[in-house]
Structures are given as C-alpha cells and as structure tokens.
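Trainee: Listed below are the residues making up each chain.
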Amino acid sequence: GAGVSQSPRYKVAKRGQDVALRCDPISGHVSLFWYQQALGQGPEFLTYFQNEAQLDKSGLPSDRFFAERPEGSVSTLKIQRTQQEDSAVYLCASSLGAPGGGTYEQYFGPGTRLTVT
Amino acid sequence: AQSVAQPEDQVNVAEGNPLTVKCTYSVSGNPYLFWYVQYPNRGLQFLLKYITGDNLVKGSYGFEAEFNKSQTSFHLKKPSALVSDSALYFCAVREGSDYKLSFGAGTTVTVRA
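Chains as they are written, first to last, in the numbering used here: chain A, 1 to 117; chain B, 1001 to 1113.
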C-alpha cells in the first residue's frame, strides 16, 4: 500500500527565502511527526500532531519554523527566512494511533533534503 | 529524559557471518525500543520493536534483537549477513507513555562479499 510521501524530495533555497515542505501520511494515521536529520546524525524530533492538533512543538529550533495539519491529514512544515544552519533532511513520520494509548511504530517518508546557500 | 547510544560508528562483516549492531538506552520509565534501517536517499524503514514480553524480538529480513533490562541494551542481530544488509542502522527509544522517539547517531554496516 501507499506509504508516507514527502515533497519536494530536494529543495535548494537562498538564505532568507521561505520554504514549505509537504507530508502526506498514510491514510487513517492519527499521529504525525516531523524530524530533522543533520548530516551524519540521527533524526531529532521537531513537532507532533494528533489529528489536527499540534500537541508538541518543543523541538522546533526557532520561531522561524512553523508546522500545520489543518484537516488532520496532510501536513506542511514551513521555514521562514532560511539560514544555512537549516540545511538538513526533514523527515515526516506517521503512526496509526496515539502513542500514549498504544504501541504503534512510526512509518517514515523519504525525506526532503533542504540545502540553504 | 531519554537517550540512545550506538557505540560503534561502523561495523564491517563478511557475508555469511553473524552481524551485531549494539545499542544501549536510558529512560526513566518503561522503554519502547525500535530498530530502523536507512538506505541512501531513502527514509527510515521499520525493522522491529520491543514493547513487552519475550526479550528476543524477531523482525523483518531475518533480523532479531534482544532486550536486556539489566544492561539497558537492545542489540540488533542477524545470524548470517548479506551484502544487501549494508546500510545505516538506527536504534530508537521512547518511554511508554511518551510519543517522541529519541534516536542514536546510527551505525553504518558494511557487508563484504
């Protein structure tokens, strides 16, 4: 079946530009996560949605980062006024249920590689 | 706070030999443990998880992992490695009531023919 998809797969932005990264989770999945993966590192948590509610945004590096999931399915991660340190792979993951009530694993998309020049 | 350590940046084995990728974790409550594999330019693929029950967990592609509570470890194993197992492996943990996954830095596995 269809997995998690992300677009674009690659994005080059000039410093100061705004970017929007899209995530299409697996249909019916309640939970959606965004992670940031720097080169040579493991993914780092950015934010978590349960349906359309953003329950945790504690991992967002600055107020230039904003995420939304208005209808409880597709999510967008927006980065305003991009900086070179924002260069990374941004991974989206979804899981079937709400983690606190289950043992569900997260399924990851292929990621968007953002390069800020 | 929760964290994961993967003490080896790289593991090299010959095809047909056993493969072990080490992972230790730290959580304040009950651990939920996961292994993921990442191939170049692709997302993380789920391999297996430990939630509760039998300490030996079997997963995809012939991989298994052993949960050891006293050593706070969750090592990934495969009895006979294949060249196609060459990839980047991540161990992850979350506390049972939490939702955030904390990942290790990853271990690059190279299986030579």
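I should point out that these hints are in silico values taken from the structure, not numbers from a laboratory.
Be a bit skeptical, because a hint or two may be false.
[What the hints assert, rightly or not] Calculated pairs, EDC-like style, for lysine to aspartate or glutamate (alpha carbon to alpha carbon, straight line, at most 16 Å): (1) B:Lys1077 x B:Glu1066; (2) A:Lys57 x B:Asp1098; (3) B:Lys1077 x B:Glu1064; (4) B:Lys1100 x A:Asp86; (5) A:Lys11 x A:Glu105; (6) B:Lys1100 x A:Glu71; (7) B:Lys1069 x B:Asp1085; (8) B:Lys1100 x B:Asp1085; (9) B:Lys1100 x B:Asp1054; (10) B:Lys1049 x A:Glu44; (11) B:Lys1022 x B:Glu1008; (12) B:Lys1058 x A:Asp18; (13) A:Lys14 x A:Glu85; (14) B:Lys1100 x A:Asp18.
Trainee: State the violated hints by number, sorted upward, taking the hints as numbered earlier in the document.
Mentor: Hints 4, 5, 6, 7, 8, 9, 10, 12, 14 contradicted; others consistent.
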